[in-house]
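Protein chains in written order, with the numbering used here: chain A, 2 to 444; chain B, 42 to 775; chain C, -1 to 152.
Please note that a few of the clues may not be correct.
[Claimed, not checked] Taking lysine-lysine and the BS3-like style, the derived pairs with C-alpha atoms no more than 27 Å apart in a straight line are:
{"no.": "1", "chain 1": "C", "residue 1": "Lys86", "chain 2": "B", "residue 2": "Lys257"}
{"no.": "2", "chain 1": "B", "residue 1": "Lys294", "chain 2": "B", "residue 2": "Lys311"}
{"no.": "3", "chain 1": "A", "residue 1": "Lys78", "chain 2": "B", "residue 2": "Lys720"}
{"no.": "4", "chain 1": "B", "residue 1": "Lys311", "chain 2": "B", "residue 2": "Lys337"}
{"no.": "5", "chain 1": "A", "residue 1": "Lys91", "chain 2": "B", "residue 2": "Lys351"}
{"no.": "6", "chain 1": "B", "residue 1": "Lys297", "chain 2": "B", "residue 2": "Lys699"}
{"no.": "7", "chain 1": "B", "residue 1": "Lys590", "chain 2": "B", "residue 2": "Lys376"}
{"no.": "8", "chain 1": "B", "residue 1": "Lys305", "chain 2": "A", "residue 2": "Lys390"}
{"no.": "9", "chain 1": "A", "residue 1": "Lys332", "chain 2": "B", "residue 2": "Lys145"}
[Claimed, not checked] Residues from chain B that face chain C, not an exhaustive set, calculated with beta carbons under 8 Å:
{"no.": "10", "residue": "Met123"}
{"no.": "11", "residue": "Lys257"}
{"no.": "12", "residue": "Arg258"}
{"no.": "13", "residue": "Trp327"}
{"no.": "14", "residue": "Leu446"}
{"no.": "15", "residue": "Glu680"}
These are calculated hints, taken from the structure and not from any lab test. Positions of the beta carbon are idealized from the N, C-alpha and C atoms, including for glycine.
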Amino acid sequence: MRILLSLAVIVIAAVGIGVWIVRGPGPLDFSGGSKVAVADYRAGKPTGVPAALEKASLVERGEYLAKAADCMVCHTKPGEKEFAGGLAFKLPFGTLYSTNITPDKETGIGNYSDQDFLNAVQRGKRHDGAMLYPAMPYPSYTYMTDEDVLAVKAYLFSLPPVRAPAPENTLAFPFNQRWAMLFWSAVFNPDTRFAPDTSKSPEWNRGAYLAEALAHCGECHTPRNLGFALDNRKKFAGAVTAGWRAFNISSDKATGLGNWSDDALVSYLATGHALGHGSASGPMGEAVDQSLSQLAPEDIRALAVYLRSVPPQPSPDLPATTAPAAPASHKDGVTPDARGKMVFEGACVSCHGWSGESLVSPMATLTGAWSVNDPAATNVAQIVISGTKRYTPDGALSMPAFGNAYSDDEIAAVANYVTARFGAKGSKLTAKDVAELRQQTAQ
Amino acid sequence: MLTTEKLRQENSADGVSRRALLTGGLATGFLLAFHLPLRAASYAVNEPVQPADVTAGKFAPNAFIRIDETGNTTLIMPQVEMGQGTYTSISMILAEELDADWTKVALLHAPPNDKLYGNPTFGLQVTGNSNSIRAWWKPLRTAGASARAMLVQAAAAEWQVDPASCTTSRGEVTHAASGRKLGYGALALAAQGQTPPKDVPLKDPKDFVYIGQPLKRLDTPEKVNGKAVYGIDALLPDMKFATVAACPVFGGKVAKVDDTAAQKVPGVRKIVVLDDTVAVIGDHMWAAKKGLAALKIEWDEGPNARIGSKEIWQHLRAASEKDGAVAKSVGDIAKGLATGDKFEASFEMPFLAHASMEPINATIHVKPDSCEVWTGTQIASRVQSEAAKAAGLPVEKVIVNNHLLGGGFGRKLEPDMVVAAVKIAKQVDYPVKVVWTREEDIQHDVYRPVYRDTVTATLVDGKVAAWKYKVAGSAVLARWLPPAFQKGIDIDAVDAAVDAPYDIPNFHVEYVRAEPPAVPTGFWRGVGPNNNVFAVECAMDELARKAGKDPVEFRRAMLANKPRALAVLNTAAEKANWGQPLPPRVGRGVCLQPSFETFIATVVEAEIDELGEVAVRRVVSVVDTGIAVNPDTVKAQIEGGLIFGLTAALYGEITIDKGRVQQSNFHDYRMLRIDQTPKIEVHVVKSGEPPGGIGEAGVNAGPPALRNAILAATGVALRRMPIDRSLIAMGKKA
Amino acid sequence: MATTLTINGEQKSFDAPPEMPLLWVLRDILGMTGTKFGCGIAQCGACTVHIDGKAVRSCVLPVSAVRDRAVTTIEAVGNSPAGAKVQKAWLDLEVIQCGYCQSGQIMAAAALLAATPNPDDSDIDAAMAGNICRCGTYVRIREAIKQAASGRQS
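Same shape as in the complex, but just chain A:
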């Protein structure tokens, strides 16, 4: 009996140590300074809305915070009503659909009390007690203050209710067992609020709150561990999420933001483009359009300050530097993949040029972008398939989606041609790889 008990203790300890190892550090553990509760932080106000909105109504403040938290992108199906849900998330083990967060009583969140809403956003717990899948980034939102969460609720409840039942998820066993998320959540959701670091500047703390609690940058840019939770040992080292590569945004000089100028970083966050660094597309493009571009300039600067402080993480699969501009003549440079070159000269060169430096707009310049320097060519292939649209103060610039009329083979060939011509190391995508990428982003 005693032996059994000892065994049980050992097993529990082993599981505990295992869990501790898998879970790793929290998102802000790297900062090292002493943390205090928001209420006890006197140097500044890292939470809430920017100064200009301090006096605004609860709903207006909530709107700003909802934008900063980028709720709409996931909770809106393209072409359908905003916040009415229904967007599909294709996962390796099935499809999840985002939910209706309009105040419709039957199909939305109209019946949520304040506590219900806090439970959902901070703890991943639904109104009916069921657990949410962490496609809803509650392990990040958990850092939001109650006040900010409830401001978002006030904003959502100010919207017209839309009747739109969410489609049934199609997850395979065992992932369709929602109750299992209880254990996941117990291990991976810290269920704690943001705690400012007194050793850092108020600006840094504001940036940390924006990045971790609201913008949930890590959900795409931090690799995941065995338990599909963020592995903050590799914080912001980059990862592939939903078929797109979120690049390294640690302060690594080679592959991260270490060598970006402040202006470039601010410009990229605020407009989705920085000279010499390419343009945001895919999920980052959406994040810029719906969220970051709407933030106050001081918040963008705070984000930049915070991002710069994240310790460098290497991206060993990326080249040490991005490639310079390609030669002006189609004949110079890489040995062409004949099919890739054919697609490029017909459909791409008019905007991107043979050198990669666009004659039309700096936004279409390929030179310097990580996407064309990624030997996996993930984002190049994705952008060819699904296109992109960038909004600027001077109007929109878009690239059409070629996926419907170009074959997997042609897309692989042009991605390989583009990475070889404009990147440091060419990719070797196959038609099959492209077919898989299509699967991951298909709606």
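Fit chains B and C to the given chain A structure using the hints.
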């Protein structure tokens, strides 16, 4: 105007055919209207605004010829120029019999007037069906010859000699005996007083000086320097610019429009909401486009929102199982099919958009008592009457200024863009140019119909003994020219099936009308023969395989009674090195066609890589179109037509989801590009037969010849267009 | 906001929003209709003009991005030796059918010849594949470029 009686007689003879339509002539109402000056204003090629046709002080013997006192010869074009070279060929025919001075020829677009300029085949002012030259060959030669005779009469009167002793050449009348000469300019006024001769003789083709020569086109010099004016280029004082969004679901309506944001866009002047379309008028297209993007439009999508490609194909396949109306029957098909080695296959053709490079457009100025239209149309008179209806004005109050067309391909056989533009322009008092974006152009086309052609045949002794051919598809003609739709047969849809050149003892063609749900259909370059030539020639190749014969050899054996077809086939095989060895996965395919009274044999050589990507390496076409009025134009039309057809075979398909077209622009509705273009060799056969049609014929040839090349290279018999690469990747078998 | 551009050697001033594509400035404000609208997304080349001698799609080029660079359109391309040679070859070989895309084709070909006086087939592909011709005049376009380059007469 249409003599349905006449048509019925033709039908009862040996079935219906396009040729019956042509030779019988639907339009007995056509007259060469001598001495009838043009009444409506007419405007010259390349000049948006020209003075009205003034005949005073000119020799104006008919609706087509004007010669002023300096000898300048203006020819009025009853058919429109959309790239096919008609303006030059028509001018050559007129100039030939007129013996005009080619260097003094200028052209005018005809104004809308069915009486003067109605296409003799249709009795309407229509450019289509590759019949400009076929239909006008005789009437225009007569017009030219008659005018020439009047000039000769004037000269002979002046010189007091027998007209028969005078000759003409290059704009001059000569009396050889006395050595006297008078230019047409000097004779213009006197000739105007002459009586046109009856039964004027036409030239012997051996005396042709222009016809048969590769004369330079008259429309191209202004197309190299930006001076050519297309409909979309119309510019008027105080004009504004508009662009439109129509309900994305066919048949849907506008439910609600919130224009708060659009009204704030700088340069936006007015938002016009029609039944099924919303338009934004602005200071320029950019303002209009931005305004349109800023509108929040809710659509009432209607019942078609449930329709997708799947439903459309189910509907067509079910229809194609039914018995059809018999278009032609020779021998005993039931008996014929009862014996021999049986073959059955169905061939499916997708919806296609026209995608002419000039997006559809119309410029309209509606005033209280008139409406003026600037556009490029294949149907000037119909545009006039439809514009009148839309404007609520009598037809004579509508002026149509026709222009060069930046491609027509059948899209501009429809008046819809003019009707919509009139409805928009009615809302304002200034002229409005309405330009459809490429996306709206592709998503609101009238599409080449889906067709399903089923061939049931038997082989006896290595030859086709029985051939039952059934077309199921839309009857475009029934909508577009109802009197021509007789006995349930769309003579366009079965055209090249009825005219198949092969000697088959039991030969039977049927037609099942099947209108696709939701999707409007229309004529598309190559028209009905596209589906017929494809299915006939694909089936012939499969039958040849079944018989263990070479595809060319197999066809030859059935062409004893069609010497012109046999000759082009033999020449094409020779020029294309038919039978000589090729590397693996490279194949040659042949296509023989009788369409538009032109015989063409085409050999395509293509390579198919391991993933099923197709590279067309070489195309050889041999063309017998009878007398080639301008042989260089014939070549150019075949070259271009082949590319048009190959584009469709490789990429062309409009698909429908939730009642909407899924394609929108050239990134997802692809066109063949120069780096994919094969070597193309076109050989024009010398012939004394009357001219055949050429503008559409080349389109028919590409898909079947390419498909047969793929069959030869891979052993896979594709039965659907466009080419499905996954079916011909390495390791795939039929 | 008044903008001044140098177009075909002349200074042209006009009011246009900065993001307005050059195409619409040319066509709808300046009345220079030789440059054509085909797709609006740089997929067909009908709108090609020269910016400092390089072929650029004016349908996606914001007018503000032109700055002080020289714009040449089809109306004046014949003033350059390469442009004149291309126009002549186009007529000599009867390249043109409907002609709507040909402004763009000629602009692309003239830019090619100015930069590469003796283009081979791959140069022609690289310079011309972005220009769609729905009439299918590609075979003659290739021949005409070669003829213009060689200076040979038909």
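What hints, given by number in increasing order, does this structure fail? 3 and 9
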